[in-house]
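Trainee: For the record, the sequence lines run as chains P, U, W and C. All residue numbers for the first sequence refer to the numbering used here, where the first residue is 3 and numbers rise by one. All residue numbers for the second sequence refer to the numbering used here, where the first residue is 3 and numbers rise by one. All residue numbers for the third sequence refer to the numbering used here, where the first residue is 3 and numbers rise by one. All residue numbers for the fourth sequence refer to the numbering used here, where the first residue is 3 and numbers rise by one.
Certain hints may be false.
No farther apart than 20 angstroms at their CA atoms in a straight line, the calculated lysine to aspartate or glutamate pairs in the EDC-like style are these [claimed, not checked]: (1) W:Lys59 / U:Glu290; (2) U:Lys323 / U:Asp164; (3) W:Lys45 / U:Asp291; (4) W:Lys46 / W:Asp71; (5) W:Lys134 / W:Asp116; (6) C:Lys202 / U:Glu49; (7) P:Lys59 / C:Glu290; (8) W:Lys323 / C:Glu209; (9) P:Lys218 / P:Glu260; (10) U:Lys141 / U:Glu100; (11) C:Lys46 / P:Glu290; (12) W:Lys323 / C:Glu290; (13) P:Lys59 / P:Glu40; (14) P:Lys59 / C:Glu304; (15) W:Lys59 / U:Glu304; (16) W:Lys202 / P:Glu49; (17) C:Lys202 / W:Asp291; (18) W:Lys218 / W:Asp253; (19) C:Lys45 / P:Glu290; (20) C:Lys218 / C:Asp116; (21) P:Lys73 / P:Glu40; (22) U:Lys202 / P:Asp291; (23) W:Lys323 / W:Asp230; (24) P:Lys202 / U:Asp291; (25) P:Lys45 / C:Asp291; (26) C:Lys202 / W:Asp292; (27) U:Lys46 / W:Asp292; (28) C:Lys323 / W:Asp253; (29) P:Lys323 / U:Glu209; (30) U:Lys59 / W:Glu290.
Note that these hints are calculated values from the structure, not bench results.
If you want the building blocks of each chain, they are given just below.
Number of protein chains: 4
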Amino acid sequence: MAKIQVAVLGATGMIGQRFVQLLEDHPWFEIGGLYASERSEGKKLREVMRVKDIHLKEDTLDRRIEQLDAKAIAGRCRVAFSGLPTEIAKDAESNLAEAGVAVFSNAASHRMRDDVPLLIPEVNPDHLDLIKGQATFAKGGFIVTNANCSTTGLAVPMKALDVAYGLCFVCVSTYQAVSGAGYPGVPSLDILGNVVPHIKNEEEKMEIEMHKMLGKMTPKGIVNANFDMVASCARVPVIDGHTESVVLQMDRTPSVPEIIATLRAFQPAPQELHLPTAPTQAIIVRMEDDRPQPLCDAYAGEPARARGMAVSVGRVRQSGKYTKLWLISHNTLRGGAGGSVINAELAKAKGYL
Amino acid sequence: MAKIQVAVLGATGMIGQRFVQLLEDHPWFEIGGLYASERSEGKKLREVMRVKDIHLKEDTLDRRIEQLDAKAIAGRCRVAFSGLPTEIAKDAESNLAEAGVAVFSNAASHRMRDDVPLLIPEVNPDHLDLIKGQATFAKGGFIVTNANCSTTGLAVPMKALDVAYGLCFVCVSTYQAVSGAGYPGVPSLDILGNVVPHIKNEEEKMEIEMHKMLGKMTPKGIVNANFDMVASCARVPVIDGHTESVVLQMDRTPSVPEIIATLRAFQPAPQELHLPTAPTQAIIVRMEDDRPQPLCDAYAGEPARARGMAVSVGRVRQSGKYTKLWLISHNTLRGGAGGSVINAELAKAKGYL
Amino acid sequence: MAKIQVAVLGATGMIGQRFVQLLEDHPWFEIGGLYASERSEGKKLREVMRVKDIHLKEDTLDRRIEQLDAKAIAGRCRVAFSGLPTEIAKDAESNLAEAGVAVFSNAASHRMRDDVPLLIPEVNPDHLDLIKGQATFAKGGFIVTNANCSTTGLAVPMKALDVAYGLCFVCVSTYQAVSGAGYPGVPSLDILGNVVPHIKNEEEKMEIEMHKMLGKMTPKGIVNANFDMVASCARVPVIDGHTESVVLQMDRTPSVPEIIATLRAFQPAPQELHLPTAPTQAIIVRMEDDRPQPLCDAYAGEPARARGMAVSVGRVRQSGKYTKLWLISHNTLRGGAGGSVINAELAKAKGYL
Amino acid sequence: MAKIQVAVLGATGMIGQRFVQLLEDHPWFEIGGLYASERSEGKKLREVMRVKDIHLKEDTLDRRIEQLDAKAIAGRCRVAFSGLPTEIAKDAESNLAEAGVAVFSNAASHRMRDDVPLLIPEVNPDHLDLIKGQATFAKGGFIVTNANCSTTGLAVPMKALDVAYGLCFVCVSTYQAVSGAGYPGVPSLDILGNVVPHIKNEEEKMEIEMHKMLGKMTPKGIVNANFDMVASCARVPVIDGHTESVVLQMDRTPSVPEIIATLRAFQPAPQELHLPTAPTQAIIVRMEDDRPQPLCDAYAGEPARARGMAVSVGRVRQSGKYTKLWLISHNTLRGGAGGSVINAELAKAKGYL
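Make the full structure from the sequences, and use the hints.
Mentor: Structure below.
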């Protein structure tokens, strides 16, 4: 079976490079072209790489960046993965869908559209069908978005618990890694030995996206979930891996062992469908006193292809009627490029590609 | 007026050195002796100092450490400030009280005793009278404790809001500095570029101490406060200053400007009594988008003597019926040695010394 | 005596703010105006401050930024302190000198001109007379530059040793703080938990500047010093304070105690003239095993006005015919704004202002 | 062919765990037992692991720690890899050699003995024959040591250049990772945002070990090399990977391209013999402006088994008659456990096992 040709948009940025890394040896997809702004046009990827610790093959590093042109891309690629900055993504992605390309985007521009799935295959695989309502669907073009990096790590275990016990209240405080701001991103003078308790629009995104993603798919579209959701977001001096402190109230208060069992038993669509980038275990529950930690757990997930795709949960404990837990997920893999790759895998498995 | 002679117990540790720093030029107190374990006996303070960036006078650095002996201390000092480790503090402090010494302690050993004030002068100055119930009070000996470092920073603004609006629910996630674990404390391999979501007993302490401190003083003792209190504690790679993400629910939901006005107008006992170590403003409310931050705000508090004694609050905002805010206070000053020094100042102002 | 009115150029940058901090209460100088690019024109300093942990007075924070105009500045200020970026500094500073203003600059643009002193008052106070050769001198306008931040900390003890023993070979490796790159400067992704062994042009600057500054003033100008000088420069995750590892060879090999005595006895011009920003001790020699360290020693220097102006030297030791030592100096005070302020003080003391 | 049974001594420490990691799937060796102090006896490795980010197999984690007993080890293992602390290593290793075990040690205790090879197969493979002079050799017992972690990374490229151009002078300043001090090792309060310019005995070790390792094997033993060697050592806030700034003088001054060619062409014994842990390229020369960096290059080395075993060199440049370069090698792999594993591979290849 021939692999599906895919374009990587914004290939020189933090998320773009993670796309390239995940697609280099993908069993279903093959990189058809790398695209970025005019500034990088014609240069080799190795000359414009901004993230030094992502190891790519020599061949890949020698590929040249092309300028983003919807028609040209449509002529060559069935799928586009977008790591474009929000302000450019809006029109560029619409143009691609118009040209018949299936766009899987990490940008926030289209996330809240009624006809665009804000998709995590572990959480709301049925939302994917929203694309049938997109005007460009008949030509094969559509847009699917992955969620914000901090929302993603939270949504996976919340889904498992919502199904089992019914969420009423979710309160989260984040400890977010600097890679979430891209490159050059956070100045070192701001974050060395410091905590910055503000990430622009992040709290709003988390609160809104959670309600959409845990919402119910109906013939008339998504009906948002209605638990109380309160998010506080901060940046900490960590390179990769968002840590989150979560406090929950559920319709009934399960015991700690029940919660652990529920999280461990969670086998959602990607695992059932054996999607290539799905980790064997969607949620890894740690029993140590002091885990998860970003240095140890950001890259959780097996087999090798799913490295950084599992969500690690630990320190599940109770305080009265409240349940507390900590979680970590990789912000540019699980909560970024990896999120869109697995979305495309779901679309393929469901026959949309 | 002659200054009151005071002993510093555990003078070679992180908190002990903060005591020495705060007492070097204190208007009411004078260091009568430095005490620590046998290991340091007879050595000069400069030889056993463990914290390099606290600047003390040459004379102070040349003082010699003496061995902890309750009788000898009682013969020379009216007051003892204790920075002893918990396991030693219990008996040592009891012996001193027995010998007629007024003990102001940073250790956790006696905090939850019914007859021991867990005291923050800004929060519960009336609790100080509990000492009259201590068996040793007639001889002039008693024990007063300051609260845990993370509890202290939280309790001050919570008190202001509880009085004004009535707290129902307090949910806090901490971002704690490494100095809170003393020296050598946290190994660098554990915390460089990392978050450790566990500090032993810290969550329990925060939940219990808040209820005692915001409790009501009655003729029969303290009646604990009864709002819901949920704490999650983590260590981050910051040297000084605990950051806390707080989510609140109150009996009525005040507007953001109301909350800010309430916090700014808070003028509790230490400010009314002009205690020497009290900052002009107990709570500093910051209006910037991204403050407070430990690098900028840990040492908040004026005048110079009160440096590190104010609590900085920022990003007050609402999410439905919940109020969110961030706060920072200095963990070894406001939440450690400074807490006990201001407790002793209150005791002096109230005629107990 | 009326204070001399001074302009601060580039007032919104890292060095500019250090100038403002040092000039707020200066006994000889008074801030006549703050200048920066058009972008900041008309805004209050507090709105464009980029460095959060420099504490300025409310009055100062309310001063408005004006646009850089040589004539307007000359009408109001006798002196200009320049924290301008190199590419703007060249013409702007020439225009100011042309307009009769005495310019003391931290920029590299004019440092290597034959008629411009590259001045550290502790090292080459006689070089100041070079200004008499500048075409604008007759109108009162001239340019004096301070040295590169890493060169400054090195040059002070090297001068003391050169005078005493004659330098033949100086080999230095630097461990430079991120504040040296200004704000936003070094991206956190580059430096968290990392070392970057490259700072553009820094090694070249160190090698060239040392030869000029330790050169001899002659009627025909400076004759460069001719010892071998080898510099290697790296950035480390430290906020303030450049650490340097130095290996020396001298005409004769003095003993360690001799070297320490020589460094301690060094009493150059600023100390003899009691310049306001000069520390009591130009070089502080530490005897501990593990000092100096940036966290403890970057701000060395007494009295308070001279904080961050002393150079700390430690671990003086021998390895065969080579002498090894470590040093630290504050890169934006001693090696930046403070360098130019003390240069202006020397100019005033010598009657040039 | 049956694998050789090997013991890991000090299995619970930083180096011990790296040994276990390297030996888990080794083609020639098989872990026969894990040994440590009484404190850990009988516990599973997973209970006493101190380094969280080394991933081992479940089977390995379930192995139990046994008490160090020379006879028992000799009865089961032909080889012992020692990650013991220096003070215990001396006698324990001698006893094992006495009992007929071939000991490959990371400890410093026996390094400077005349009859003990201080061995880096890339540098001085012929020194291995020294073991024939050890009294226990006839029974099959002997001791081979690997070099200090900072010496190792330096010695490899120095050997290549010494052979080609003759070294006269080597001046090195190190930027050492905290993992070099083991666990708990460096307290976070000492190193967060700081540089500590002192590592006990490290400079002495580097100066002495380099002369022995680059010395000449003669019938009468090693004749030390006699170039001038000056080392300055500091700790920086980096987790893994020692960075070194090197300044050299050689008998003739080769051009930069010549040096690069020499380093790249270096194909010493381990590469010629295809030892399993030898990287394809012993020295990797980087041409970027700002490499090597510990975050990107500490784990250099291919194939997978040789990860962290290559030395990365970059920024080769000249300053007069001096050559400057930067290098990085992994301190607990190349400069620790990996060093001893490759030593044992050489011994096996040469027929000593």
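Trainee: Within 20 angstroms, alpha carbon to alpha carbon, are Lys323 (chain U) and Asp164 (chain U)?
Mentor: Satisfied, since the Cα-Cα distance of roughly 16 angstroms is no more than 20 angstroms.
Trainee: Please work out if Lys59 (chain P) and Glu40 (chain P) have their alpha carbons no farther apart than 20 angstroms.
Mentor: It is violated: about 24 angstroms lies between the C-alpha atoms, which goes past 20 angstroms.
Trainee: If you draw a straight line from the CA of Lys218 (chain W) to the CA of Asp253 (chain W), is it 20 angstroms or shorter?
Mentor: Judged against 20 angstroms, a Cα distance of about 18 angstroms means the pair holds.
Trainee: Given the hinted pair Lys202 (chain C) and Asp292 (chain W), is their Cα-Cα distance within 20 angstroms?
Mentor: It holds: about 9 angstroms lies between the C-alpha atoms, which stays within 20 angstroms.
Trainee: Hey, Lys45 (chain W) versus Asp291 (chain U), does the alpha-carbon distance stay inside 20 angstroms?
Mentor: Holds: Lys45 (chain W) and Asp291 (chain U) sit about 18 angstroms apart, inside 20 angstroms.
Trainee: Quick one, are Lys202 (chain P) and Asp291 (chain U) close enough, alpha carbons at most 20 angstroms?
Mentor: holds (9 angstroms)
Trainee: Do the alpha carbons of Lys59 (chain U) and Glu290 (chain W) lie within 20 angstroms of each other, as the hint requires?
Mentor: The hint holds at about 17 angstroms.
Trainee: Next pair to validate is Lys323 (chain W) with Asp230 (chain W); report whether the Cα-Cα distance is within 20 angstroms.
Mentor: holds (15 angstroms)
Trainee: Tell me if the straight-line CA distance from Lys202 (chain C) to Asp291 (chain W) falls inside 20 angstroms.
Mentor: The hint holds at about 9 angstroms.
Trainee: Starting from Lys202 (chain W), check that the Cα of Glu49 (chain P) is at most 20 angstroms away, please.
Mentor: Cα-Cα ~18 angstroms, so holds.
Trainee: Within a Cα-Cα threshold of 20 angstroms, do Lys202 (chain C) and Glu49 (chain U) meet the stated pairing?
Mentor: OK: Lys202 (chain C) and Glu49 (chain U) at ~18 angstroms, within 20 angstroms.
Trainee: Given the hinted pair Lys59 (chain P) and Glu304 (chain C), is their alpha-carbon gap at most 20 angstroms?
Mentor: Holds: Lys59 (chain P) and Glu304 (chain C) sit about 13 angstroms apart, inside 20 angstroms.
Hints 9, 12, 13 from the list above are not met by this structure, while the remaining hints are.
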